[in-house]
Amino acid sequence: MPELRDLYQEVILEHSKAPRNYKEPAHTNHKAEGYNPLCGDRFTVYLEMDGDVVKDIGFQGAGCAISKASASMMTQTVKGKTKAEAQKIFRQFHDLVTGHGHATEAELGKLAVFSGVSEFPVRVKCATLAWHTLEAALEGQQEKVSTE
Amino acid sequence: MSTSVAEVVAGLDVEKIRADFPILHNKVRGHELVYLDNAATTQKPQSVIDAIVGYYESSNANIHRGVHYLSEKATEDFEQTRQAVQRFVNAAEAREIIFVRGTTEAINLVAQSFGRANVGAGDEVVITAMEHHSNIVPWQMLCEEKGAKLRVAPINDRGELILEEYAKLLTPRTKLAAIAHVSNALGTINPVKKMIAMAHAQRIPVLVDGAQAVPHLAVNVRDLDCDFYAFSAHKMYGPTGIGALYGKAALLEAMPPYQGGGDMISSVTFEKTTYNKLPHKFEAGTPDMGGVAGWRAAIEFMNGIGVARIAAHEHDLLEYATEIVGQLPGVRLIGTAKDKASVLSFVLEEVHPHDIGTILDQQGIAVRTGHHCAQPVMERFHIPATVRASFAVYNTRAEIDALARGIRRVQEVFA
Chain Y
593 MPELRDLYQE VILEHSKAPR NYKEPAHTNH KAEGYNPLCG DRFTVYLEMD GDVVKDIGFQ
653 GAGCAISKAS ASMMTQTVKG KTKAEAQKIF RQFHDLVTGH GHATEAELGK LAVFSGVSEF
713 PVRVKCATLA WHTLEAALEG QQEKVSTE
Chain B
175 MSTSVAEVVA GLDVEKIRAD FPILHNKVRG HELVYLDNAA TTQKPQSVID AIVGYYESSN
235 ANIHRGVHYL SEKATEDFEQ TRQAVQRFVN AAEAREIIFV RGTTEAINLV AQSFGRANVG
295 AGDEVVITAM EHHSNIVPWQ MLCEEKGAKL RVAPINDRGE LILEEYAKLL TPRTKLAAIA
355 HVSNALGTIN PVKKMIAMAH AQRIPVLVDG AQAVPHLAVN VRDLDCDFYA FSAHKMYGPT
415 GIGALYGKAA LLEAMPPYQG GGDMISSVTF EKTTYNKLPH KFEAGTPDMG GVAGWRAAIE
475 FMNGIGVARI AAHEHDLLEY ATEIVGQLPG VRLIGTAKDK ASVLSFVLEE VHPHDIGTIL
535 DQQGIAVRTG HHCAQPVMER FHIPATVRAS FAVYNTRAEI DALARGIRRV QEVFA
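As they're listed, the protein sequences go chains Y and B.
Each residue of the first sequence is one higher than the one before, starting from 593 at the first, in the numbering used here.
Each residue of the second sequence is one higher than the one before, starting from 175 at the first, in the numbering used here.
Bear in mind the hints are in silico, worked out from the structure with no lab data behind them.
Yeah, the Cβ is synthetic: ideal placement off N, Cα and C, and Gly gets one too.
Be aware that a few hints might be false.
As the list claims (entries may be wrong) - Residues from chain Y shown here face chain B by an in silico Cβ test under 7 Å; the list is partial:
(1) Leu596
(2) Tyr614
(3) Tyr627
(4) Gly653
(5) Ala657
(6) Phe682
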């Protein structure tokens, strides 16, 4: 049986209470809004792209602990990465939370704390909302993305 | 689980009732199931399950068609359930009961048939701010098609309808008022009899969404004098996929058919079709006969206990839950109307309802978290979602104690 602490790890709870990069960077040149109509989670992801590189990133919005912590840790992870690197991490992260993971802890780094999500299928959308929104922002989409 | 004093006073043997519900004896995630999501759907007693199985084992045949034994038997059973539903809501005639898939389809039937025939450009349809999406969207679709306007009567901070504002919206332009009897998100019981009289004073017909009322209140459509009443079997211990629209015969007679097909016609040629009489005019196609059989058993189940006793028991549970959960630190109750039925909606400081739902689920406690298909209600209270515990006849005070312990566990995790 899945354990609650596998899902609500200390790191996740801490990020949900004090999210990092919770801001709109001054030189934002890409942004996208993400929405999960099922639970009402709503985030905006802001990017300052320097060519192909994520020079700065921030997010704002409201959601559950899982979605907020995921958004917070995502901003830390992809800052300074290229678009292709960020997309690759998202694919690995997606595999991790859906239980199809082959990525090693070394590759995923701190994001490995989200492995417990795979035991809670209804919460996968919470963990991936910010990432889907990031993907839309990287692609330069201005439209709202939805997990539904 | 122990039986409380109030349960004895109400004369209900809750343990005996629980024994009739096989699903309540399942373990969920290693815990005894505490099922508090009854406003979404209630569990089914053995008698309802048996009636559905029995129908397929011994009565199955298409109705209103064959001259053979089984078809006659199926038709008779089907029409007897119509009479049982008629008596359950005290309609004057059985032909005023139209079988549909559920409340949503009943409302859509009225919107598409009565609405399209009677609502035109510049007209208005009045609803309330506490409606379920199923009593919003069909009217929006109609208004968009016809160039009509949807007007919304507001609610106050307790989640009660503001009657003076509702009164102001009733004008010569209003072609219909569509109002919830009981709010699914807040539990508020609307003063529908008064609201109907107010509308009727201006010759405005009224549809009542009774999905959340029929499990908890004795509904008497003739006393209410409503023109339409929509309700579902599955929220009153019956099967999913079956419900009814009650409509006054004169109104239903004047309405065009909703769907075309078999059963709703008297004769068909390629030149002209003559429609069948009520209620068949609105029942195109082979209906859910197994569901209808199950519904009859559900009505018998409720009548066997007595709706008044069910209501008294649930009222006790709601009062107890309001006290026990309401006093927990950080809990804010959403929906504190004076007149409520069976719904305790709340939010917890600093913890999102979705996280609360997951942690309660780990303890075997089923609640609903989200916007409850009532997003305008969430906006009214400036929240994205709530946790909703909703009660049925088989719930106990011990289960509410379990809910309170569960909420404290949530607070420990997030401490």
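Each hint tested on the structure:
no. : hint   : verdict
1   : Leu596 : 5 Å, holds
2   : Tyr614 : 16 Å, violated
3   : Tyr627 : 11 Å, violated
4   : Gly653 : 10 Å, violated
5   : Ala657 : 5 Å, holds
6   : Phe682 : 22 Å, violated
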